[in-house]
Each structure stands twice: as structure tokens, then as C-alpha cells.
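Peer 1: Which chain is which? The protein sequence lines are A and B, in order.
Following numbering that gives the first Met the number 0, the numbering of the first sequence begins with 0 at its first residue and continues without gaps.
Following numbering that gives the first Met the number 0, the numbering of the second sequence begins with 0 at its first residue and continues without gaps.
Note that these hints are calculated values from the structure, not bench results.
Careful, some of the hints might be misleading.
Remember, identical chains collapse to one label, so a pair may be satisfied in a single copy or spanning two.
Below 27 Å or equal to it, Euclidean Cα-Cα: the simulated DSS-like pairs (lysine-lysine) are [stated by the list, open to error]:
| # | residue 1 | residue 2 |
| --- | --- | --- |
| 1 | Lys51 | Lys1 |
| 2 | Lys4 | Lys51 |
| 3 | Lys319 | Lys336 |
| 4 | Lys128 | Lys244 |
| 5 | Lys128 | Lys336 |
| 6 | Lys189 | Lys336 |
2 protein chains.
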Amino acid sequence: MKILKTNAADDGFYMPAEFSPHSGCILIWPHRRDSWQNGGYAARRAFVELIKIISLSERVTVCARYEDYDEARRCLPDHVRVVEMSSDDSWARDVAPTFVTNGKEIRGIDWGFNAWGGLEDGLYFPWDKDNKMARKICDIMDTDCYDCRDFILEGGSIHTDGEGTLLTTEECLLSKGRNPHMTKEEIEHKLCSMLGVSKIIWLKRGIYNDETNGHIDNICAFTAPAEVVLAWTDDENDPQYEISKENLSILENSTDAKGRRITVHKLPQPSPVYVTENDCLGLDNMNGEPTRTAGERLAASYVNFYISNGHVIIPQFGDKNDEKAVEILQSLFPTRKAVGLKTENALLARDILIGGGNIHCITQQVIALNSDH
Amino acid sequence: MKILKTNAADDGFYMPAEFSPHSGCILIWPHRRDSWQNGGYAARRAFVELIKIISLSERVTVCARYEDYDEARRCLPDHVRVVEMSSDDSWARDVAPTFVTNGKEIRGIDWGFNAWGGLEDGLYFPWDKDNKMARKICDIMDTDCYDCRDFILEGGSIHTDGEGTLLTTEECLLSKGRNPHMTKEEIEHKLCSMLGVSKIIWLKRGIYNDETNGHIDNICAFTAPAEVVLAWTDDENDPQYEISKENLSILENSTDAKGRRITVHKLPQPSPVYVTENDCLGLDNMNGEPTRTAGERLAASYVNFYISNGHVIIPQFGDKNDEKAVEILQSLFPTRKAVGLKTENALLARDILIGGGNIHCITQQVIALNSDH
Numbered sequence: 000m001k002i003l004k005t006n007a008a009d010d011g012f013y014m015p016a017e018f019s020p021h022s023g024c025i026l027i028w029p030h031r032r033d034s035w036q037n038g039g040y041a042a043r044r045a046f047v048e049l050i051k052i053i054s055l056s057e058r059v060t061v062c063a064r065y066e067d068y069d070e071a072r073r074c075l076p077d078h079v080r081v082v083e084m085s086s087d088d089s090w091a092r093d094v095a096p097t098f099v100t101n102g103k104e105i106r107g108i109d110w111g112f113n114a115w116g117g118l119e120d121g122l123y124f125p126w127d128k129d130n131k132m133a134r135k136i137c138d139i140m141d142t143d144c145y146d147c148r149d150f151i152l153e154g155g156s157i158h159t160d161g162e163g164t165l166l167t168t169e170e171c172l173l174s175k176g177r178n179p180h181m182t183k184e185e186i187e188h189k190l191c192s193m194l195g196v197s198k199i200i201w202l203k204r205g206i207y208n209d210e211t212n213g214h215i216d217n218i219c220a221f222t223a224p225a226e227v228v229l230a231w232t233d234d235e236n237d238p239q240y241e242i243s244k245e246n247l248s249i250l251e252n253s254t255d256a257k258g259r260r261i262t263v264h265k266l267p268q269p270s271p272v273y274v275t276e277n278d279c280l281g282l283d284n285m286n287g288e289p290t291r292t293a294g295e296r297l298a299a300s301y302v303n304f305y306i307s308n309g310h311v312i313i314p315q316f317g318d319k320n321d322e323k324a325v326e327i328l329q330s331l332f333p334t335r336k337a338v339g340l341k342t343e344n345a346l347l348a349r350d351i352l353i354g355g356g357n358i359h360c361i362t363q364q365v366i367a368l369n370s371d372h
Numbered sequence: 000m001k002i003l004k005t006n007a008a009d010d011g012f013y014m015p016a017e018f019s020p021h022s023g024c025i026l027i028w029p030h031r032r033d034s035w036q037n038g039g040y041a042a043r044r045a046f047v048e049l050i051k052i053i054s055l056s057e058r059v060t061v062c063a064r065y066e067d068y069d070e071a072r073r074c075l076p077d078h079v080r081v082v083e084m085s086s087d088d089s090w091a092r093d094v095a096p097t098f099v100t101n102g103k104e105i106r107g108i109d110w111g112f113n114a115w116g117g118l119e120d121g122l123y124f125p126w127d128k129d130n131k132m133a134r135k136i137c138d139i140m141d142t143d144c145y146d147c148r149d150f151i152l153e154g155g156s157i158h159t160d161g162e163g164t165l166l167t168t169e170e171c172l173l174s175k176g177r178n179p180h181m182t183k184e185e186i187e188h189k190l191c192s193m194l195g196v197s198k199i200i201w202l203k204r205g206i207y208n209d210e211t212n213g214h215i216d217n218i219c220a221f222t223a224p225a226e227v228v229l230a231w232t233d234d235e236n237d238p239q240y241e242i243s244k245e246n247l248s249i250l251e252n253s254t255d256a257k258g259r260r261i262t263v264h265k266l267p268q269p270s271p272v273y274v275t276e277n278d279c280l281g282l283d284n285m286n287g288e289p290t291r292t293a294g295e296r297l298a299a300s301y302v303n304f305y306i307s308n309g310h311v312i313i314p315q316f317g318d319k320n321d322e323k324a325v326e327i328l329q330s331l332f333p334t335r336k337a338v339g340l341k342t343e344n345a346l347l348a349r350d351i352l353i354g355g356g357n358i359h360c361i362t363q364q365v366i367a368l369n370s371d372h
């Protein structure tokens with residue numbers, strides 16, 4: 000593995016859309032007891048069910064700490080690869096590399112990671128194990144790796160259409176805890192030079208109370224070039240209403256890198272999901288302080304789906320909108336099967352949500368060369 | 000990765016000779032301060048020099064602990080792969096899988112490992128991280144894995160000719176610290192059923208004072224079918240003399256699996272290498288006790304060479320026999336380049352030997368299918 004100090008775009012590389020072919024998917028086995036309830040067993044089950052679906056059409060690699068390796072290997076299907084790797088938590092979207100390609104070769108980008116805000120408003124300390132994962136994953140995946148650790152970015156804060164357009168939020172990328180020394184223009188320049196995009200559409204804020212400072216991947220996602228889903232509520236009393244309305248207006252008044260207008264599909268939000276007293280009893284403290292408080296609203300959203308080669312896998316909350324979300328996404332991804340992540344006995348999205356994110360946050364696609372797929 | 004409970008030989012698999020084509024080689028970054036002198040820096044340099052040579056003709060994967068990953072990555076060439084993996088020490092020969100093939104597929108064998116003798120006369124405690132490495136390596140190498148953890152065996156205690164014959168020592172395989180509940184016949188049966196051999200040649204003892212209970216790979220090795228090198232001394236006052244003479248007699252009176260007589264090439268021993276007071280000052284204690292004592296004889300031997308696709312890489316001790324050993328092995332491996340492991344400024348074998356083994360002990364070949372090579 001070569002560590003590259005150049006800019007990916009200058010080398011002819013770009014980031015394809017998530018709906019382009021993948022050669023694989025990376026996840027991290029959950030373990031933090033202050034992130035995952037009741038020792039993490041429910042989260043494990045959710046991860047395993049998700050991995051089973053993804054692995055129907057993609058090669059899945061799961062990174063497990065030394066302490067967790069045997070259990071991960073035991074719980075996962077044989078055709079899933081488990082590799083030992085240290086981590087602070089389990090958000091592959093944000094700590095695994097962002098893969099880029101020039102059509103002939105795949106490379107990874109190793110962004111700086113500071114637990115969503117570092118000493119300003121980060122969610123845990125330290126985060127060094129997470130920050131070191133991206134290049135280890137590149138080495139295992141046999142790709143060279145761009146060293147971009149001087150720029151703080153999480154994969155969950157960007158979406159691309161693969162045709163020159165990037166979607167992100169100001170709330171996140173202009174947050175004080177990431178790259179406060181850089182202007183918006185400098186951040187734009189960095190994104191363009193590393194991801195091979197030429198147009199950035201800046202939404203304002205992400206999902207209400209999203210502790211990642213409003214990651215794009217919880218509120219808005221490309222479903223095709225010039226086509227997005229946007230998390231939506233018609234309830235004017237919900238603080239989400241203003242946020243979504245503002246973003247809708249931005250999207251409706253934007254064109255993409257190719258000059259196209261954006262078609263926006265509204266994806267209804269589930270009813271608010273709150274942390275309960277019982278949830279709190281199942282979560283360890285972090286440095287003596289609770290990580291959740293009863294009554295806190297969690298950043299639940301159907302937009303946090305993962306697009307695998309064969310499926311679109313969607314969070315389900317036991318909500319009246321669960322089926323509707325699946326239906327809408329099925330109509331938007333006609334060549335894939337849209338599935339809600341649940342079992343006969345359990346709705347699994349909440350078990351992931353309690354950790355602070357959902358399906359998209361715990362996955363990272365490895366893009367395919369055409370010949371791989 | 001499938002964990003298999005069957006016998007490899009029943010499945011049509013066998014262990015090829017080390018001089019068969021390899022697809023790669025595995026090593027473990029050195030770290031134990033009670034094994035490797037002066038914080039391990041000299042050992043690192045020796046490992047790096049060795050890896051540079053091996054990687055000229057094989058894909059090298061180095062397993063490094065979380066704590067060592069960054070330094071390993073920094074010190075090693077780009078084309079060498081570094082993967083995070085926990086380990087107790089750095090003897091890939093003994094803890095990495097033994098690879099077997101049926102000509103179409105590669106599989107690994109995960110033997111039980113107990114640090115060369117467990118609670119009887121093992122060299123460190125605990126050894127659980129080492130014992131868990133083999134199947135992790137299989138998962139990374141994309142091979143299924145035979146679970147043979149109920150049988151204690153180190154790769155350094157066996158050599159095969161790839162044509163049905165296995166070489167080992169009674170001192171090691173019949174030692175009390177390994178499989179004391181099994182008879183010699185039961186051990187033979189296990190070796191035949193897992194390695195696809197039909198004839199076992201039992202030498203008596205290994206190199207004098209070899210703390211592995213006399214591993215075969217320090218005293219005798221196949222250089223071709225029906226052809227071996229044997230560590231030799233003409234000094235009748237050296238305790239090694241009787242050991243080598245006894246083994247010579249066994250070899251000269253043996254036939255291999257195909258009924259052939261064995262041609263024995265004597266490989267001269269270096270002059271005895273002793274631990275010095277200065278060596279001891281550079282080694283941490285283990286559980287409060289020194290791991291070496293001044294005046295202790297180390298198990299130096301030229302037989303502990305590694306056969307890569309392109310080279311035969313041989314320990315060098317600054318001894319009058321250094322060049323002779325290289326010459327003999329060059330004549331026996333005419334299609335490979337025989338090289339002594341050293342730099343302009345340093346003889347590197349002693350830096351590895353102080354840890355208790357040498358070049359062969361710290362390497363494990365990954366065999367190639369014909370199409371891989």
C-alpha cells in the first residue's frame with residue numbers, strides 16, 4: 000500500500016455514487032457499552048441481520064477488536080470475512096476510507112477523524128483507534144491510500160451522484176469542531192480536489208438533534224443523478240419541519256454539476272423516537288457521565304438506508320410510515336429489492352439508533368471496477 | 000472462511016514442500032522486550048532486511064499489533080502488506096497456519112499452540128493471542144481453515160518433501176508439554192491424516208539446547224525429494240556431535256514414502272554462540288525472571304534458512320563457516336539465489352537468534368496453486 004500525498008482528483012480519481020456497483024462492504028463489530036445498550040447484544044443481532052442481507056450481493060468484511068473476534072466469527076456467516084482491527088466505536092461510514100476510482104484502479108481516502116467534533120463537541124475521547132482504521136482497511140483491500148488526515152471529514156457527511164455533484168450540510172462541514180481554520184471556499188476546494196466533484200449543494204441543517212452535527216446521510220440522499228430523497232414531515236410543530244422545508248427550497252433552487260434541476264422525493268419521517276429511562280439503565284456511563292438522557296429525541300430517519308448491489312436496506316421503527324418508506328424507495332430503485340431491516344421478532348433499527356446512527360452509518364461500500372462486478 | 004472439522008488428507012489435501020511455489024509469506028512484527036534485545040530495534044532491522052529479500056519474489060504480509068502498526072508500516076516497503084493482529088510473540092512458523100492444497104484450492108491448518116510446551120516447559124504465559132492467529136490469517140488469505148486446535152503442533156517441528164514424507168524429531172513431538180496423552184502411533188496417524196503424508200522419518204534430537212524441544216527446522220531440512228541438509232560438526236567434544244551423528248545414522252538407514260534412500264548433505268555448524276552479560280542487560284525480565292543467562296548457548300544453525308520463490312536466505316553469524324553454508328546451499332538450490340542475511344554494517348542472524356530462533360522460525364510460506372505462481 001502506498002500512502003499518497005497528492006489530490007485524488009488531480010490524479011484522475013473521483014468518488015462514484017453509492018448506487019454504482021460495489022465490490023464489497025465494510026462494517027465494524029459493535030462493542031462500546033456506552034454506545035450500545037445492554038452489552039451490545041441487541042446491536043450485534045441487528046448488525047448480523049444487516050450483514051446477512053448485504054452479503055447476498057457483496058463481499059462483506061467485518062473489523063472486530065481482538066476481544067470480539069471470536070464472537071464475531073461465531074455469529075457471522077462463513078462467507079463473511081472477519082479481520083482483527085482495533086476501533087473506538089463502530090461507524091464504518093465515518094472511519095473507513097472513502098473509495099475513489101479512475102475507472103482502472105481503486106484508491107482509498109484516509110480523512111482525519113475526531114469523533115464528530117474533537118474537543119469542541121466530539122462524542123468520545125480518545126478516537127485514535129478509529130482514526131487509524133482507514134489506512135489499515137486500504138492495506139487489507141489492496142488499495143493505495145490518500146493521506147488526508149489534516150482535513151476532518153466523515154463519510155456520513157457527504158453524498159455524491161458520481162457525476163460531479165456533492166451533497167452536504169453547512170451544519171456539519173462548517174462546524175467549529177472540524178476544520179474551523181478553513182473558509183467555506185477552502186472546504187469546497189478540498190472536497191473538489193479529493194472527490195473529483197465540481198458542484199457542491201449545501202443544505203443547511205441535518206435531522207433535528209442529530210449529534211453528528213447534521214450528517215447529510217440522515218436527511219438527504221441521491222437515488223439517481225439529479226434525483227434525491229429528503230426526510231420530510233408535514234407536522235409544522237415538529238422542529239424538523241423548518242429544517243426540511245429550508246432544505247427543500249435549496250434543492251428546488253439548485254442545479255447539479257451537469258446543470259440539471261434536482262427532483263426531490265419526500266421521504267416521510269417516523270414519529271419521533273425518544274430515549275427511555277429503561278434505555279439509560281442499559282448504557283454504561285462514559286467517564287462517569289451518561290451518554291443518553293431519558294426524553295432525549297433520537298435522530299431517527301428512513302434516509303439512513305444502504306444501497307447494496309442487490310438491495311436497498313431501510314431502517315424500520317415500528318411506525319406507521321415504515322412500509323411507506325420501503326414502498327417509496329422500492330419505486331426509486333426498481334432494479335434492487337427494497338427491504339426493511341427487521342426480523343419476525345424484532346425491529347432492529349432502534350437497536351442501532353440508540354448508538355447514534357443507523358444502517359448507512361455502520362456501512363461503507365467498496366466500489367467495484369466494472370470488471371469486478 | 001469455513002472452519003472445517005474433517006481431516007485434510009481425507010479431503011484430498013496435502014502439504015507441499017517448502018521448495019514448491021509460494022504465493023506469499025507471513026511474518027509477525029517483533030515486539031516482546033523479554034524476547035528481543037534493547038527494545039527490539041535490532042530485531043526489527045533484521046526482519047525488515049529479510050522481508051525486503053523475500054518480497055522480491057513473494058507477496059509478504061506482516062501482522063503487527065495495534066501498538067506497532069504505525070512503525071511497521073513506516074519501516075516496511077509499500078509493496079509489503081501490514082495487517083493489524085494481536086500476538087504474544089513473533090514466530091510465524093509456529094503460529095501461522097500450515098497451508099495444504101488439493102491442487103485446486105488452498106486451505107490452512109490451525110494447530111493448537113502452547114508456547115512450546117504449555118505449563119510443562121513452555122516459554123511464556125499466556126499464549127492465547129498466538130493461538131488465535133492461524134484462523135485470522137486464513138480469513139485474510141481467503142482460505143478455509145481446519146480446526147486442529149486439540150493437537151499441539153508448531154510448523155517448525157515438521158518438514159515435508161511434498162511427496163508423502165515428513166521429517167520430525169522425537170524430542171519435540173513426543174515431549175511432555177505437547178500431546179502427552181497420545182502415543183507415537185497416534186501422533187503419526189494425526190500427522191498423516193492432516194498433512195497427507197504416509198511416511199514419517201523420526202530423528203531423535205534437534206540442535207543442542209534448542210528451547211523449542213529440538214525443532215526439526217533448526218537441524219535438518221529437505222532441499223529436494225530424497226535429499227536433505229543436516230546440521231553438522233566434526234568437533235567430537237561438542238554435544239552437538241553425538242546428536243548429529245545419531246540423526247545421520249537414522250537418515251542413512253531410512254527410505255522415504257516412495258522407497259528412495261535419502262541423500263544427506265552435511266551443513267557445517269557455526270562455532271557456538273553464547274549469551275553475554277551485555278545481551279542480558281538488553282532483555283526485560285518475564286514475570287520477574289530473566290529469560291536468558293550469560294554463558295547460555297544459543298541454538299545457532301544455518302539449517303534455519305527460508306526458501307522463497309527466488310532465494311534461499313541463510314543466517315550468518317560472522318563465523319568462518321558463513322560463506323561455506325551459503326555455497327553449499329547455492330549448489331543445492333541451483334534455480335534460486337542463495338544469500339546470507341546481513342547488511343554492510345550488521346550481521347543480522349544473532350539479533351533474531353537472541354529471540355530463540357532464526358529466519359525459518361519467523362516466516363511461514365503461503366503455498367501457491369500452479370496458476371498463482
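Peer 1: Next step is simple, just say for each hint if it's right about the structure.
Peer 2: Each hint, compared with the structure:
| no. | hint | in the structure |
| --- | --- | --- |
| 1 | Lys51 <-> Lys1 | between (32 Å within a copy, 16 Å between copies) |
| 2 | Lys4 <-> Lys51 | between (37 Å within a copy, 24 Å between copies) |
| 3 | Lys319 <-> Lys336 | within (21 Å within a copy, 72 Å between copies) |
| 4 | Lys128 <-> Lys244 | neither (38 Å within a copy, 54 Å between copies) |
| 5 | Lys128 <-> Lys336 | neither (35 Å within a copy, 42 Å between copies) |
| 6 | Lys189 <-> Lys336 | neither (36 Å within a copy, 49 Å between copies) |
Of the hints listed earlier, those the structure fails to meet are numbers 4, 5, 6, in rising order.
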